[in-house]
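K.L.:
These are the residues of each chain, in order.
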Amino acid sequence: GAVVSQHPSRVICKSGTSVKIECRSLDFQATTMFWYRQFPKKSLMLMATSNEGSKATYEQGVEKDKFLINHASLTLSTLTVTSAHPEDSSFYICSVLAFSYNEQFFGPGTRLTVL
Amino acid sequence: EDQVTQSPEALRLQEGESSSLNCSYTVSGLRGLFWYRQDPGKGPEFLFTLYSAGEEKEKERLKATLTKKESFLHITAPKPEDSATYLCAVQATGTASKLTFGTGTRLQVTL
Chain A
382 GAVVSQHPSR VICKSGTSVK IECRSLDFQA TTMFWYRQFP KKSLMLMATS NEGSKATYEQ
442 GVEKDKFLIN HASLTLSTLT VTSAHPEDSS FYICSVLAFS YNEQFFGPGT RLTVL
Chain B
9 EDQVTQSPEA LRLQEGESSS LNCSYTVSGL RGLFWYRQDP GKGPEFLFTL YSAGEEKEKE
69 RLKATLTKKE SFLHITAPKP EDSATYLCAV QATGTASKLT FGTGTRLQVT L
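Line by line, the protein sequences give chains A and B.
382 is the number of the first residue of the first sequence in the numbering used here; add one for each residue after it.
9 is the number of the first residue of the second sequence in the numbering used here; add one for each residue after it.
Read the hints as simulated data drawn from the structure, not as lab findings.
Errors might be hidden in some of the hints.
Reference excerpt, derived from the structure (chain A facing chain B, CB under 10 Å, subset only) [said to hold, decoys possible]:
#	residue
1	Val385
2	Cys394
3	Thr398
4	Phe415
5	Ser424
6	Ser435
7	Thr438
8	Tyr439
9	Glu440
10	Val443
11	Glu444
12	Ser476
13	Ser481
14	Gly488
15	Pro489
All residues carry an ideal CB built from backbone N, CA and C; glycine is no exception.
Based on the provided sequences and hints, a complete structural model is requested.
P.N.:
As structure tokens, then:
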């Protein structure tokens, strides 16, 4: 399967600041990537679908102005949490869609803590 | 709305004690059902994809099966290293490959 990395693995920031999370597909050209968030002992919730060279598609209830997604190349998608607040604290995970297998391969996740 | 329900929520087994995890789903049209393993603080690791009722797939001590309403993940003679959360997800037809996840089963295998 595809190898996916995320950076940073952990980030702590102050309320009101912006945080950028990178998702890289290391051995696969990813036209489509997905961003999820996961609360403790809860399911993964899809936030948005990131398509290379076009605007991301956001799920209902996800604020696109707060969670900015950029997919400028076939190997990199970024999620920027703008004006972060404590309720944005969560585990953010990206995935890469391998079209040939119709499977998603996930990154290791980024733990965001907003103080 | 697509729904995925996993049971039990948590399961504790002794090493060698086989069992099954259940994933019940409601979807307008099933394109695929996926099983993932997730270790604490890490992203999900892909295990299996099942596409049609009656399909079965195996990997080491794990075997996944699919019916029209549910999927089972059978764990045969588990070892402590099988301890993890097992996630089930469905992909509906016409949803551009999006996955809907269940809340998972936390499996603990003890010596």
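K.L.:
Against each hint, give a clear statement of whether it holds in the structure.
P.N.:
Results for each hint:
Hint status for A:Val385 relative to chain B: holds, with the closest Cβ pair at about 8 Å, below 10 Å. For A:Cys394, the shortest C-beta to C-beta distance to chain B is roughly 19 Å, which exceeds 10 Å, and the interface hint is violated. The criterion of a C-beta within 10 Å of any C-beta in chain B is not met by A:Thr398, whose closest approach is roughly 23 Å, and the hint is violated. With a cut of 10 Å, the hint placing A:Phe415 at the interface with chain B holds, because the nearest CB-to-CB distance is about 7 Å.
Because the closest C-beta pair between A:Ser424 and chain B is about 4 Å apart, less than 10 Å, the hint holds. Given hint, A:Ser435 at the interface with chain B, is violated; its Cβ is 13 Å from that chain's nearest Cβ, farther than 10 Å. A distance limit of 10 Å between C-beta atoms decides the matter here; for A:Thr438 the minimum to chain B is near 8 Å, and the interface restraint holds. Using the Cβ-Cβ criterion of 10 Å, the hint placing A:Tyr439 at the interface with chain B is not satisfied: the shortest such distance is roughly 12 Å.
Taking 10 Å as the C-beta cut-off, the interface hint given for A:Glu440 holds, the closest approach to chain B being about 8 Å. Hint on A:Val443 is violated. Least Cβ distance to chain B is approximately 13 Å, over the 10 Å limit. Because the smallest distance between the Cβ of A:Glu444 and any Cβ of chain B comes to about 19 Å, over 10 Å, the interface hint for this residue is violated. Hint status for A:Ser476: holds, given a least beta-carbon distance of 8 Å to chain B, under 10 Å.
Look at A:Ser481: its Cβ only gets to about 12 Å from chain B, farther than 10 Å, so that hint breaks. Taking 10 Å as the C-beta cut-off, the interface hint given for A:Gly488 holds, the closest approach to chain B being about 5 Å. Interface hint at A:Pro489: satisfied, since its Cβ lies 5 Å from the closest Cβ of chain B, which is below the 10 Å cut-off.
Of the numbered hints given earlier, the model fails hints 2, 3, 6, 8, 10, 11, 13; all others are met.
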